[in-house]
Each structure stands twice: as structure tokens, then as C-alpha cells.
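Kindly generate the complete structure, drawing on both the sequences and the hints.
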Amino acid sequence: MAHVTAIKKGTFLEQVVSTTPNGERLLHCMQCGSCGGSCPSGGDMEYTPRAIFAMIQTGEREAVLAANTQWACVSCYFCTTRCPQNIPITDIMYALKRIAIAEGTARNTDAPALAKTFTDLVDKYGRSFELGLATRYYMLNRPLALLRMGPMGAQMFTRGRMSLTPTKIKKIDQLQAIIKKAKELSGKK
Amino acid sequence: MKYAYYPGCSLEVNSAAYDVSVRAVADLLGVKLMELDDWNCCGATEYFSQNELTACSVIARNLALVDSQYDQLVAPCAACYLNLAKVDNLMTEHPDMNRQVNECLAAGGLKYEPGSVRVRHILDVIYSDIGEAAVRDKVVKPLAGLKIAPYYGCQVVRPLKGVDDTEYPTKMDELFAWLGAEVVDFPAKAHCCGGHMTQISDAQSFELIRRLLQNAEDSEADMILCMCPMCQLNLDAYQSRVNNYFNLNFKIPIVFFTQMVGIAFGIDPKSLGFGKELVSAMPVLQAKLNGKMVMA
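In the order they appear, the protein sequences are chains A and B.
Residues 1003 to 1191 (this note's numbering) are what the first sequence spells out, left to right.
Residues 20 to 315 (this note's numbering) are what the second sequence spells out, left to right.
Warning: the hint list may mix true and false statements.
[Said to hold, decoys possible] One side only, chain A facing chain B, incomplete, derived with CB under 7 Å:
(1) Cys-1078
(2) Thr-1083
(3) Ile-1103
(4) Met-1154
(5) Gln-1176
(6) Leu-1187
[Claimed, not checked] Listed next, the stretches of chain B that the computed footprint assigns to chain A, with coverage defined by at least 3 CB atoms under 8 Å from CB atoms of chain A:
(7) 62-74
(8) 255-263
(9) 294-300
Source of the hints: derived by calculation from the structure; they are not laboratory data.
C-beta atoms are modelled at their ideal positions from N, C-alpha and C, and glycine is treated no differently.
In C-alpha cells:
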């Protein structure tokens, strides 16, 4: 749109916009606050999405990437469907997570460890493996929480809701070839 | 009616009750669900947090595996449903994404033409494709006297439009009215259960679960019906921890909506996966449904 300022190359704004499908909508944010008001986790956020978008536009890269906003996001998409400017807010939160994980700037959250443990198992077996996820993730990141999880885990197990062994897909080589290619291509960007 | 079927990882073990009840109900309604051969995990939200192209390619492998004799793929899990539908949309709307995802698929000898598979949620299939008359026709044990809170969660009704209202969905409400149940007003019906946040922050996730349980209790619901394995897990398996955390005493059974459709259709509770829920649903079923409910 004509009134939108061209995005300068090499800025944080450009990085966020270019790595989010329809991310250029971010330029249309009018600071109405519907996002934060709709967010079930808004009260837990240091900055609501509205504030984060202003900070992205003014280039406050370090503060944005160190914020807990993207990690408090539960992907419920209320903000996205309610945004009067059709900004893909949840997808921008994913983009911020990706940038923070890639640059190692995530703070005070176990979310990156959970994501990595989860996808490492899928990379290996092609299916998620809950017992493997729970033991590796909790042992390495939240050992005390593991104790509180114990009784629940036992109940899940006795009701046949927890498997001791992972399921591996037949063509795991095919999936791994696809993942390898995706990592190569995204590395080039 | 025939559809390709994507159960997803949760339905293999932790939410097997959803899988068996979906299959049992579909069978009775004459819906043929053909499980996708060698499907892989949709990645939930976890690949998207790390690498977008990997996320889309892992999901697209499943779309590419759909046999050409099927043009629709049914997923009961909300996260699987959204991921599959979202990637199809992204590939349709963004030629560059389509090209890159297909370049990745090609490394595994696969190809996917965006738009060739329509991704559907099982609630929408029962509501829209089967419809009221055929559903009512199968009811042998009306759910009269049972008060249910229909819980839709997030990822089926948002962000993609067209399945139901994004703010106040009603398809499950209507379905259960057809089955004779009393559907309570449940304002939190499309609010979030916290998703994977139960694995990360007790403070943040338990409050979201508390709000949902409180809302159902305020509505005097006998049980909450879910259409997503993550919602069921969070509200059911974490209910006692939420009670401890807030010093509350919720005891609300949380089951999958297809399990109760099966009860209305006269299928025995055991083959619908009852007994796997941590907060047992049997006392409510026995008290409310004429005491005829017994575990086979």
C-alpha cells in the first residue's frame, strides 16, 4: 500500500517480516491493543504483541528477542482472528521464537529445550514419543518438576496411555532426507 | 463416503480413546476411514518454533502420501488438523513456499500439488457431511438428562475460517442436541487449555485450565467434551494438580465428544475407550443415563 514506508534492508523489521508468511501486514499495526486484550497469557507477558510490534518497527532488536512475549504465546490464535488489520500475529510469534532460538537469546524459558527434544525424537522415529520426551526434557531441564509428574505419569501408564517404546515409521530414511534438504535450503537463506 | 484418515501421534497411545471412538462412530455411520499408510508426526507447534521450512515439509509429506483415490483427509486432533490445513494453504497462496516444500519432498521422491487434498476435522464431517437426519437415525440411547459442556479449544476453529464460528462455535452444541443431551451455555468453549504450556510453566498453564474447569462447573455441566487430545490431556490428567495448586476440588470427567456420540448410538463404553480417563466418567454415566451403563 502506498502509505506504507518501504522496509529498509538489513533491519530487524525486515528480518521479521521476511521470515513470516504475510508478515508485511505488521506495518499496518495501528496500536489498538486488541491482541493483548484477547490474549489468555497477556497478563504474563512483559510486552503484549502491540508493544512488541512497535519495538520491532523502531529496531529494538535485543529487547524484543530477550522478551518473554513469544514464549508466553500458547498459539490460540485469538489475536490473529481478532486483529482488525489482519496481522498474522501468532505466526510472527513463531518467527520471533525461531530468531531467538537461532541466535541463542531466549531467556528464562524451557520452551526451546522442549521444542528441540520433541523434534529430535520425530527426526529419529518419525513419530512423537511421549515417555522419551518426558524423561529427557524433564531430567535435563526440570528435574524437580519430574517428581511432581510422577503420580500422574503412573496413572497414565496404568490406564494404557503411555508407551514404553517408540513407534518408528517404515520410511524413516525418506522423512530424514526431506528434513535434511529443508535444513540445507533454509541454511542458505 | 470415504476419506483418508490421519490419526496423529496422540491418538496412537495417550488418546487412544479418541481413535477407537472415532472409528466406531464412523463405522456405524457408514463413513469409511482409510488410515494413511506410514504417516509421520505433524510436529505440533515444535518445528514451527525452530525452522519453518522443516515444519512445512514434515507436514507436507503426509499430504503427499494421500492416495489419489482420496481427495479428503480427516484428522481428529486439532494440532494435526491445523498443521495439515495450514501448510496446504501456505503452499497454495505462496508459490515460493510451494516450490521450496516440493524441493524438499523431492529429496524423498515425493510431490504434492497444493489444493489436491481437502483437510477436514471429524466434527465437521459428522455435522456437515453426515448431517442431522442420519445422526438422529442412529440414536438408540438418547442422552436425556445429561448436561454436557462442549469444548472446542483453539486450533480447529482458529485461525482458518470456515469450520465454525471463530469466537462462539456451535456445531458440537447442535450435534449433542440431536443426541438428546442438555447442552449447557459454556462461554469458555473456544478458550485455550494452554497447549504445551503444561510442560513449561505451572503458573501460566494451570490458570488457563482452572478457568475452563470453573466455567464448566458454574454452568453445572456433568462433563466436558473435547475434540482435541491436548485439551483432554490438560483438563483430565492435570486436573488433580490444578486442584492441589489452587486448593480446589474439581472432579469433572473430560472425555472425547465421539465417545459420547458412541454411547448415544448404543456402542458399549469399553470399546469406546471409557476407563482411560483419569477422572472417571462412569459415575456420571451411571447416575444420569438410567443406571444402565455398565463396563463390558
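Verification of the supplied hints:
1. The criterion of a C-beta within 7 Å of any C-beta in chain B is met by Cys-1078 (chain A), whose closest approach is roughly 4 Å, and the hint holds.
2. This hint holds: Thr-1083 (chain A) has a C-beta 5 Å from the nearest C-beta of chain B, less than the 7 Å allowed.
3. Hint status for Ile-1103 (chain A) relative to chain B: holds, with the closest Cβ pair at about 6 Å, below 7 Å.
4. For Met-1154 (chain A), the interface hint holds, the least distance from its beta-carbon to any beta-carbon of chain B being 6 Å, beneath 7 Å.
5. Hint status for Gln-1176 (chain A) relative to chain B: holds, with the closest Cβ pair at about 4 Å, below 7 Å.
6. For the restraint placing Leu-1187 (chain A) at the interface with chain B, the shortest Cβ-Cβ distance is roughly 6 Å, inside the 7 Å limit, so the hint holds.
7. For the stretch 62-74 of chain B, the proposed coverage by chain A is satisfied: 12 residues have a C-beta within less than 8 Å of a C-beta in that chain, meeting the threshold of three.
8. Coverage of a stretch by a chain is defined here by at least three residues with a beta carbon nearer than 8 Å to that chain's beta carbons; for the stretch 255-263 of chain B and chain A the count is 4, and the condition holds.
9. Counting residues of the stretch 294-300 of chain B whose CB lies closer than 8 Å to any CB of chain A gives 4, so the stated coverage by that chain holds, three being the minimum.
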